[in-house]
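There are 6 protein chains.
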Amino acid sequence: MRAAIIRTAHFNAAHQLYVKEWSQEKNFELFGKCANPNFHGHNYEIEVRLSGEVDPVTGMIINLKELKDIIKEEIEDRFDHKNLNLDCPEFKDLMTSVENIVYVIWKILREKLDDKFDLRVRLYETPRNFAEYPAD
Amino acid sequence: MRAAIIRTAHFNAAHQLYVKEWSQEKNFELFGKCANPNFHGHNYEIEVRLSGEVDPVTGMIINLKELKDIIKEEIEDRFDHKNLNLDCPEFKDLMTSVENIVYVIWKILREKLDDKFDLRVRLYETPRNFAEYPAD
Amino acid sequence: MRAAIIRTAHFNAAHQLYVKEWSQEKNFELFGKCANPNFHGHNYEIEVRLSGEVDPVTGMIINLKELKDIIKEEIEDRFDHKNLNLDCPEFKDLMTSVENIVYVIWKILREKLDDKFDLRVRLYETPRNFAEYPAD
Amino acid sequence: MRAAIIRTAHFNAAHQLYVKEWSQEKNFELFGKCANPNFHGHNYEIEVRLSGEVDPVTGMIINLKELKDIIKEEIEDRFDHKNLNLDCPEFKDLMTSVENIVYVIWKILREKLDDKFDLRVRLYETPRNFAEYPAD
Amino acid sequence: MRAAIIRTAHFNAAHQLYVKEWSQEKNFELFGKCANPNFHGHNYEIEVRLSGEVDPVTGMIINLKELKDIIKEEIEDRFDHKNLNLDCPEFKDLMTSVENIVYVIWKILREKLDDKFDLRVRLYETPRNFAEYPAD
Amino acid sequence: MRAAIIRTAHFNAAHQLYVKEWSQEKNFELFGKCANPNFHGHNYEIEVRLSGEVDPVTGMIINLKELKDIIKEEIEDRFDHKNLNLDCPEFKDLMTSVENIVYVIWKILREKLDDKFDLRVRLYETPRNFAEYPAD
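Chains as they are written, first to last, in the working numbering: chain Z, 1298 to 1433; chain F, 1298 to 1433; chain V, 1298 to 1433; chain D, 1298 to 1433; chain G, 1298 to 1433; chain H, 1298 to 1433.
In case anyone wonders, no lab produced these hints; they're calculated from the structure.
Any given hint could be a false lead.
Using C-beta positions, here's what the derived DEER-type ranges look like [stated by the list, open to error]:
#, chain 1, residue 1, chain 2, residue 2, range
1, F, PRO1431, Z, ASP1390, 29 to 39 Å
2, F, LYS1330, H, ASP1352, 38 to 48 Å
3, D, VAL1316, G, PRO1334, 22 to 32 Å
4, V, LYS1389, G, MET1298, 23 to 33 Å
5, Z, ASP1374, H, PRO1386, 33 to 43 Å
6, D, PRO1424, G, LYS1369, 13 to 23 Å
7, H, GLU1318, G, ARG1407, 33 to 43 Å
8, H, GLU1371, F, GLU1371, 49 to 59 Å
9, G, GLU1350, F, VAL1354, 46 to 56 Å
10, F, ASP1390, G, GLU1326, 46 to 56 Å
11, F, ARG1425, G, ASP1366, 35 to 45 Å
12, F, LYS1330, G, ASP1366, 44 to 54 Å
13, V, LYS1389, F, THR1423, 25 to 35 Å
BS3-like cross-link-like pairs, simulated, lysine-lysine; straight-line CA separation at most 25 Å [as the list claims (entries may be wrong)]:
#, chain 1, residue 1, chain 2, residue 2
14, G, LYS1362, H, LYS1362
15, D, LYS1330, G, LYS1413
16, G, LYS1365, G, LYS1409
17, G, LYS1317, G, LYS1330
18, V, LYS1365, V, LYS1409
19, G, LYS1362, D, LYS1389
20, F, LYS1365, H, LYS1404
21, D, LYS1369, V, LYS1365
22, F, LYS1362, F, LYS1409
23, Z, LYS1365, D, LYS1369
24, D, LYS1369, Z, LYS1362
25, H, LYS1369, H, LYS1409
26, D, LYS1317, Z, LYS1362
27, G, LYS1330, Z, LYS1365
28, F, LYS1409, F, LYS1365
29, V, LYS1389, V, LYS1409
30, V, LYS1330, V, LYS1365
31, V, LYS1365, G, LYS1330
32, V, LYS1330, V, LYS1317
33, G, LYS1365, H, LYS1330
34, D, LYS1323, D, LYS1365
35, Z, LYS1389, H, LYS1330
36, H, LYS1389, F, LYS1362
37, H, LYS1389, H, LYS1409
38, Z, LYS1365, Z, LYS1413
Owing to the predicted nature of the structure, the values given are computational and were not obtained by experimental measurement.
In this text, a Cβ means the ideal position worked out from N, Cα and C, and glycines have one as well.
Taking the hints into account, I'd like the entire structure generated from these sequences.
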């Protein structure tokens, strides 16, 4: 029996959308207020979705406490109360768009989770903008 | 790299469920209170989901400002503070069920968006009833 | 020991903001899209708040089932799937603004509830606009 | 035209995670506080998602009132204000994990709904933990 | 300058509404399904509201980390994943109604917090039922 | 007849909690991760609550469009996508704690609104931390 289990988490971070090779004018033209050189920020909300076989004895796909700990150590501790552009090497050469952040989170978790699980991540930048990886 | 980006929007509208060819009794029998000839209404909430390639420079599937503007001009301005049955030609010969409304929204947006994007729309009629098109 | 108990409910209704004595121009000038003569609508959410003495045996201010039934019979059955302007005599000569609707709900419930309770009502027209009566 | 319609519902129940064949130590080691022998509980929220053909006359995949009644009779009346471990024969030999509960709900609804509908169920144990069946 | 700061928390617990001195019939008559002798349960959500002077240097009424720790140690650790009726001496002779639980939480926090703060607590039993103490 | 009307708004901003006169150690000791010198950020949500007389003709305390425009021009345009510490002179010598930000918002709005209205503001820094001014 295959099912999916979803666990949520959150982190609060500063960021900006800015292509260094472009002029400030071009950055503002494309990214609007998101290009503010002094940064802005968000309460990011994450949904981590694992699908896999349900263990017939425990009734679980994965021990939720284990999943919660992995998310805390690998994602929340890494990104919470950080400036994604300045503090996080993951985004040294990568725009901190919600699409890229959700992909980075997926990649980090993918390496920590057994291959037997299918993994999907959703990331809310605001309650009105969010992204998913993979796209399905 | 393919991911999905979702943007929400909303509009407030009046409507009724009513098949003109049927008697009022039959309408009330099937649709209950939703057949009220004087209309009722909802705060409709929309989720527009685009999947596609993430641009390696901008980190974006589509410029969110562009997507937001399309949704505002094509959906919010068209349906907000309207009577879907009386004011909107899209529903002249089409029941204003949540299934049909979500399909109409999908069709309008599909024509305005590049074919390279996959498009899915979710529409909340209330926080307790909602529909998606396509069904996946 | 005095505490407060709050119960929520909801109804979906059509309405318009329109002063009959004014021209259509003046109505649109003041009320904007809310003056649409064909109506628009909302998912109204209600919070009914009673404060009073907690019964030392039952631990209750009022039996929640009783409160739920009063709200259903007096408010939900009266306003759900209605056109507030056309179907509801309460608003025959009263604008269906969120301020007036919350007051009408308060007045109806006030007559059905024992005087020993203090009563406050909050009404959400949308998640972004709401009103309270009395003002405290 | 195929679309999907989703209806939500809820029930409040007590449960515990406990494998009878294991020692209390092993249960606490694996399930943590969820193994409390005196039970704990949740406000479970359900999303029932049906996909199918939209009827060209009524605009509906299924009459929402009929779907609402099936969910009430088959799920809410069965599980609301119950102890899932003690009161519900469905879980006599099955862990009351969120994965198993969502599967049991799916199976009950699957038998009551026409085969022409695809059925998916999501179950929130808390706003932070939820499961889906099937996994897609 | 006086302001108010609010911090939320949550715990998941089982309980029942049952007056031991009454017959089972009378309990079911008054409390309905809430009297189930095998218990049911809820995801309780708490809002702790402190009002007081804002410190001119730190800009804070109270250090939020300190408040968060007090709520965790005194409320979450005490009530989370517990059976309020069986596991918690606070309710040995007190109905576990939402009114009484909010009062018990207020009393515990009141003793741990400096008298210079005004304290109000709101407790959600479900998103549809909640209580406040004091009543204001 | 006095009632209250509430309008919500939001802005996304970066900030830090940092007393310049203190060592970095002391700042981290008191403010924890909030003292990150590179900033973090939030989706701030605002509730602006006006109480006053309901106009007998329009049914309104204030024209909601007017209130919405004042909040947009005075608060959203000023703080959205900004670094509160670096971009906003209001916080040049004032900690950007949620208590101080809600007070600053109140003061700005108080000057723009007629004295006949009572004004209260609630500000969510996250869904789990929020503040109100005045304290009531």
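Okay, the hints, checked on the actual structure:
For F:PRO1431 and Z:ASP1390, the Cβ-Cβ distance of about 37 Å falls inside the hinted range of 29 to 39 Å, so the restraint holds. Against the hinted window of 38 to 48 Å, the Cβ-Cβ separation of F:LYS1330 and H:ASP1352 comes to about 32 Å, which falls outside the hint. For the hinted restraint 22 to 32 Å between D:VAL1316 and G:PRO1334, the CB-CB distance of approximately 25 Å keeps it satisfied. Distance hint check: the CB atoms of V:LYS1389 and G:MET1298 are about 47 Å apart, inconsistent with the given range 23 to 33 Å.
The hint said 33 to 43 Å for the Cβ distance between Z:ASP1374 and H:PRO1386, and at roughly 34 Å that hint holds. For D:PRO1424 and G:LYS1369, the hinted distance range of 13 to 23 Å is satisfied, since their beta carbons lie about 18 Å from each other. Checking the proposed 33 to 43 Å range against H:GLU1318 and G:ARG1407 shows it holds: the Cβ atoms sit about 34 Å from each other. At about 31 Å, the beta-carbon gap between H:GLU1371 and F:GLU1371 misses the expected band of 49 to 59 Å.
In this structure, G:GLU1350 and F:VAL1354 meet the distance hint of 46 to 56 Å, their C-beta atoms being roughly 51 Å apart. Between F:ASP1390 and G:GLU1326 the C-beta distance comes to about 54 Å, which sits within the given range of 46 to 56 Å. Between F:ARG1425 and G:ASP1366 the CB atoms are about 37 Å apart, so this pair conforms to the stated range of 35 to 45 Å. In this structure the supplied range 44 to 54 Å holds for F:LYS1330 paired with G:ASP1366, their Cβ-Cβ distance being about 50 Å.
The supplied range of 25 to 35 Å is met by V:LYS1389 and F:THR1423, whose beta-carbon atoms lie about 27 Å from each other. At most 25 Å may separate the alpha-carbon atoms for a hinted pair to count; G:LYS1362 and H:LYS1362 exceed this at roughly 39 Å. In summary, the hint linking D:LYS1330 to G:LYS1413 is not supported, as the alpha carbons are separated by about 36 Å, beyond the 25 Å threshold. Under the criterion of a C-alpha separation no larger than 25 Å, the hint pairing G:LYS1365 with G:LYS1409 is consistent with the structure, at around 12 Å.
Under the criterion of a C-alpha separation no larger than 25 Å, the hint pairing G:LYS1317 with G:LYS1330 is consistent with the structure, at around 16 Å. About 12 Å separates the Cα atoms of V:LYS1365 and V:LYS1409, which keeps this hinted pair within 25 Å; it holds. Restraint check for G:LYS1362 and D:LYS1389: the C-alpha separation of about 43 Å exceeds 25 Å, so the hint is violated. Proposed proximity of F:LYS1365 and H:LYS1404 is contradicted: the alpha carbons are some 32 Å apart, above 25 Å.
Restraint check for D:LYS1369 and V:LYS1365: the C-alpha separation of about 18 Å stays at or below 25 Å, so the hint holds. Proposed proximity of F:LYS1362 and F:LYS1409 is supported: the alpha carbons are some 15 Å apart, at most 25 Å. Restraint check: the Cα-Cα separation between Z:LYS1365 and D:LYS1369 comes to about 33 Å, which exceeds 25 Å; the hinted pair is violated. Simply put, D:LYS1369 and Z:LYS1362 have alpha-carbon atoms about 32 Å apart, too far for the 25 Å limit, and the pair is violated.
Distance check on the hinted pair: H:LYS1369 and H:LYS1409 sit about 12 Å apart at the alpha-carbon level, within 25 Å; holds. Restraint check for D:LYS1317 and Z:LYS1362: the C-alpha separation of about 20 Å stays at or below 25 Å, so the hint holds. Proximity of G:LYS1330 to Z:LYS1365 is assessed by CA-CA distance (about 34 Å); at most 25 Å being required, the pair is judged violated. Between F:LYS1409 and F:LYS1365 the alpha-carbon distance is near 12 Å, which keeps this suggested pair within the 25 Å criterion.
In summary, the hint linking V:LYS1389 to V:LYS1409 is supported, as the alpha carbons are separated by about 22 Å, within the 25 Å threshold. Restraint check for V:LYS1330 and V:LYS1365: the C-alpha separation of about 34 Å exceeds 25 Å, so the hint is violated. Taken as a hint, the V:LYS1365 and G:LYS1330 pair is honoured in the structure, with Cα atoms around 14 Å apart against an allowance of 25 Å. Proposed proximity of V:LYS1330 and V:LYS1317 is supported: the alpha carbons are some 16 Å apart, at most 25 Å.
Taking the CA atoms of G:LYS1365 and H:LYS1330, the gap is about 14 Å. The hint holds against a cut of 25 Å. At most 25 Å may separate the alpha-carbon atoms for a hinted pair to count; D:LYS1323 and D:LYS1365 exceed this at roughly 41 Å. A C-alpha spacing of about 21 Å is found between Z:LYS1389 and H:LYS1330, which places the hinted pair at or below 25 Å, so the restraint holds. For the given pair, H:LYS1389 sits about 31 Å from F:LYS1362 by alpha-carbon distance, which is inconsistent with the 25 Å threshold.
At roughly 22 Å between alpha-carbon atoms, H:LYS1389 and H:LYS1409 fall within 25 Å of each other, so this suggested pair holds. For the suggested pair Z:LYS1365 and Z:LYS1413, the alpha carbons sit about 18 Å apart, so the restraint of at most 25 Å is met.
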